[in-house]
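**Student:** Residue-level listing of the chains:
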Amino acid sequence: MIEMINVYKKYPNGIVAANGIDVKIEQGDFVYVVGPSGAGKTTFIKMMYREERPTSGDILINGINLATLKNSKVPLLRRQIGVVFQDFKLLPRLSVYENVAFALEVIEETPKVIRQKVMDVLELVGLKGKARMFPTELSGGEQQRVSIARSIVNRPKLVIADEPTGNLDPETSWEIMNIFKEINARGTTIIMATHNREIVNTIRHRVIAVEGGLITRDEYGGEYGYEG
Amino acid sequence: MKGRTLARHFRESLKSISRNGWMTFASVSAVTVTLLLVGVFVMIMMNLNKVADDLEKDVEIKVYVELTADEAAITKLEQDIKDTTGIEEVTYSPKGEELSKLVVDFGEDLRLFEQQNPLHDVFYAKATNPQETEKVAAKLDRLDNTFEVKYGEGKIEKLFSFLNTGRNVGLVLILALLFTAMFLISNTIRITIVARRRDIEIMKLVGATNWFIRIPFILEGMWLGILGAIIPITLVTVLYSNIYKLLEPKLESGNLFKLLEFSPFIYQVNALILLMGVLIGIWGSFMSVRKFLRV
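Protein sequence lines correspond, in order, to chains Y and W. Residues 1 to 228, numbered by my numbering, are exactly what the first sequence covers, in order. Residues 1001 to 1295, numbered by my numbering, are exactly what the second sequence covers, in order.
The following block holds chain W by itself, in its conformation from the complex:
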């Protein structure tokens, strides 16, 4: 195909957008509504996922050291823990420090124990993959000079299974939404093309090849996708910037979890919305024209 023919196809597709008035409006509206839904939903799901990640990262394995262990044994144990596969980081907290934490949490009375501290020295370890905490903990338990290994058994499993279910449900919902969007948009585009099936027939009679007919339609679908992405992108950006400004200061103090930073997250979502609009537009036109080209 020659360059000027491609230029011609671009001109034609733009002309068609303006000459089809209401049909363009209908398609763009369908794209707008579905992309807005997808955009907002992706925004929510990505943040929930971030929260889940933050919660997971908070999971720690607590290794209590045998009371009888001497300095050398403790150093060796630290090395052993570090050498265990699946461990990301290890921090040591001697029993004095442990007691200070209790004092902070439960009051000055506990200072009485400073004379004869009944607590164990503790290693705090984090698993590289939080979901593997249980396995890693079992490995640590087998090391020498450990008194007990705790990681919130029972609660952790429940948390993880809850988070996993949440993620899966979110994924299924997003896929279902995408599917609906594709269906809705390609159907709307199909209606606008059905109205022009006679045009396609005539073009073929005049000697146009299938691609010559198809490309302007495909480009038109692309424009529809781009036009339909404008409002969702604007709304999602404004919405997220406001939510972020509103919630971030409150979450800052909590330290438990944070929202995804405005940049680059929102630009990624915007790119996704635009890409989806374009792809769905192109796909919808392609599929619809295909039917009528078999003359």
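Extracted from the complex, chain Y is given alone in its bound form:
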């Protein structure tokens, strides 16, 4: 479902963040993307939701080529992908409910469907009781759960997470991982960039290591493989 073919990315400042990446990710996979800071991990992730465009090569997601996708079609792509960030990226002036509902409003769902889906997904992440609160009134873990709720409320086939536990304490991180586990169990592909060695080594999944803009390791059930 996701395929990168000879992807090369050079930034205007001369840094080469992807130096010929070839990779294939099947529907339903759970993939950790690991590697030292500045190795091209974030670029690898960002190219998948067209935040960055490859300098050359092709990126295919469900048959859409992101390398040639028009700017005007990017919103349509983003609606098929859930994205979770380290800094949550919630809209500060909107309540928990409104933040999650936003993802459905952009696809012009009926209010009835929106209400139903938002409440369902808030229940899944355990925040049904806090629907009316604002992001600043929540803990980091709760904010990340809102962000996850927003990313999956559309029922996308793919969820991309860029260090989703990066700002959270260990205990909260495990809770967040349980939610991802549940989402993955429904058949959703999950691609997660992470620095959390404990999680990678405990919940074993496919591990892709990116270094110097290249995939240096790709193994199912692999280890984190870097020193703390």
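Check before you lean on any hint, since a few could be wrong.
[What the hints assert, rightly or not] 25 Å max Cα-Cα, derived BS3-like pairs, lysine-lysine:
1. Lys-1076/W to Lys-1139/W
2. Lys-117/Y to Lys-128/Y
3. Lys-1015/W to Lys-1126/W
4. Lys-1291/W to Lys-1057/W
5. Lys-1076/W to Lys-1126/W
6. Lys-1015/W to Lys-130/Y
7. Lys-1015/W to Lys-112/Y
8. Lys-89/Y to Lys-73/Y
9. Lys-1002/W to Lys-70/Y
10. Lys-1158/W to Lys-112/Y
11. Lys-1250/W to Lys-1050/W
12. Lys-1258/W to Lys-1155/W
13. Lys-112/Y to Lys-46/Y
14. Lys-73/Y to Lys-1135/W
15. Lys-70/Y to Lys-117/Y
16. Lys-1126/W to Lys-1050/W
17. Lys-1291/W to Lys-89/Y
18. Lys-89/Y to Lys-1015/W
19. Lys-1155/W to Lys-1135/W
20. Lys-1291/W to Lys-70/Y
21. Lys-1155/W to Lys-1101/W
22. Lys-1050/W to Lys-1155/W
23. Lys-1015/W to Lys-46/Y
24. Lys-1135/W to Lys-117/Y
25. Lys-128/Y to Lys-1015/W
26. Lys-117/Y to Lys-1057/W
27. Lys-1150/W to Lys-1076/W
28. Lys-73/Y to Lys-1291/W
Just so you know, the hints here were simulated from the structure itself, not pulled from any lab data. The structure presented is a predicted model; accordingly, all values stated were derived computationally and were not measured.
Once you've looked at the hints, dock chain W against the given chain Y.
**Tutor:** Relative to the frame of chain Y, chain W by itself:
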């Protein structure tokens, strides 16, 4: 776009107005101040223009008829004047009437001349376009049986050039004021939007199209314009109604010029203020959001 999405955009824009508290206040204040200036200025300029028009309309061409002209010649001359292009109206004043006017102005002594009136019969003509008085007068001068054609040469040209300069200066000032208003308001709106650029970024990441993001901002700009127009409209209306009540009785007697009537003039000014507020608000938001949509 579906109707309910448009309704959603309206709701969002109203919510944003109330949730942005101080930023809304800042923008509305900027709109209020500039629209008030524009409103008062337009009010003054329109009235000055009216005065200028009135003064211009007072300009007359005086055609003195040859003393030798007989009845038939005078009738023909009247027809000739009427046939001249650029003439709006002609009135005839025989020399007896002319003398009575002088008697009124300069005293009973002049009645002595009634026995042997030395004055000429006169046609008073008005040019359709007062600014063309000079040309029209020259044409009339060429007609038969005219003794002399006068229209206040020299003075008229000075008056017209003065009025024209006044109008142009007024126009330039209004345009400059409008430009400043646009700049000031769109800058204030931009500041409120810069504060929300992260929001715009997030909306795009969640899959919102540019228009989906833009419309609530544009509607918000419209509300800012409408809110900002309330005080200027109220003040301008109250102000003009008072000025009109105060000055009109005094000008009534003068007969030289009058202020523009309260209605519909003030409603036109109010409509202009509201329209400007809305347009500037929309334009300001549109331009400011545009910058941040290129993510």
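**Student:** Each hint: holds or not?
**Tutor:** The hints, checked one at a time:
The straight-line distance between the Cα atoms of Lys-1076/W and Lys-1139/W is roughly 16 Å, inside the 25 Å bound, and the hint therefore holds. Distance restraint check for Lys-117/Y and Lys-128/Y: the Cα-Cα separation of roughly 12 Å lies within the 25 Å cut-off, and the hinted pair is therefore satisfied. Of the supplied pair hints, the one linking Lys-1015/W and Lys-1126/W is violated, its CA atoms being roughly 61 Å apart against a limit of 25 Å. Under the criterion of a C-alpha separation no larger than 25 Å, the hint pairing Lys-1291/W with Lys-1057/W is inconsistent with the structure, at around 52 Å.
Among the hinted pairs, Lys-1076/W with Lys-1126/W is consistent with the structure: their alpha-carbon atoms are about 18 Å apart, no more than 25 Å. Distance check on the hinted pair: Lys-1015/W and Lys-130/Y sit about 20 Å apart at the alpha-carbon level, within 25 Å; holds. Of the pairs offered as hints, the one joining Lys-1015/W and Lys-112/Y holds, with about 21 Å between alpha carbons and a cut-off of 25 Å not exceeded. Taking the CA atoms of Lys-89/Y and Lys-73/Y, the gap is about 22 Å. The hint holds against a cut of 25 Å.
Taking the CA atoms of Lys-1002/W and Lys-70/Y, the gap is about 24 Å. The hint holds against a cut of 25 Å. As the CA atoms of Lys-1158/W and Lys-112/Y are separated by approximately 74 Å, the hinted pair breaks the 25 Å bound. As the CA atoms of Lys-1250/W and Lys-1050/W are separated by approximately 17 Å, the hinted pair is consistent with the 25 Å bound. At roughly 22 Å between alpha-carbon atoms, Lys-1258/W and Lys-1155/W fall within 25 Å of each other, so this suggested pair holds.
Our distance criterion of 25 Å between C-alpha atoms is broken by Lys-112/Y and Lys-46/Y, whose separation comes to about 33 Å. For the proposed pair Lys-73/Y and Lys-1135/W, the alpha carbon gap of about 66 Å is over 25 Å, so the pair is violated. Of the supplied pair hints, the one linking Lys-70/Y and Lys-117/Y is violated, its CA atoms being roughly 30 Å apart against a limit of 25 Å. Taking the CA atoms of Lys-1126/W and Lys-1050/W, the gap is about 18 Å. The hint holds against a cut of 25 Å.
Of the pairs offered as hints, the one joining Lys-1291/W and Lys-89/Y holds, with about 20 Å between alpha carbons and a cut-off of 25 Å not exceeded. Our distance criterion of 25 Å between C-alpha atoms is met by Lys-89/Y and Lys-1015/W, whose separation comes to about 20 Å. For the suggested pair Lys-1155/W and Lys-1135/W, the alpha carbons sit about 15 Å apart, so the restraint of at most 25 Å is met. At most 25 Å may separate the alpha-carbon atoms for a hinted pair to count; Lys-1291/W and Lys-70/Y meet this at roughly 19 Å.
At roughly 22 Å between alpha-carbon atoms, Lys-1155/W and Lys-1101/W fall within 25 Å of each other, so this suggested pair holds. A hinted pair counts as satisfied when its Cα atoms are at most 25 Å apart, and Lys-1050/W with Lys-1155/W qualifies at roughly 20 Å. A C-alpha spacing of about 32 Å is found between Lys-1015/W and Lys-46/Y, which places the hinted pair above 25 Å, so the restraint is violated. The suggested pairing of Lys-1135/W with Lys-117/Y is violated, with an alpha-carbon distance near 81 Å, which exceeds 25 Å.
At roughly 23 Å between alpha-carbon atoms, Lys-128/Y and Lys-1015/W fall within 25 Å of each other, so this suggested pair holds. Restraint check for Lys-117/Y and Lys-1057/W: not satisfied, since their Cα atoms lie roughly 73 Å apart, outside the 25 Å limit. Annotation: proposed proximity of Lys-1150/W to Lys-1076/W holds, straight-line Cα distance about 20 Å (limit 25 Å). Under the criterion of a C-alpha separation no larger than 25 Å, the hint pairing Lys-73/Y with Lys-1291/W is consistent with the structure, at around 19 Å.
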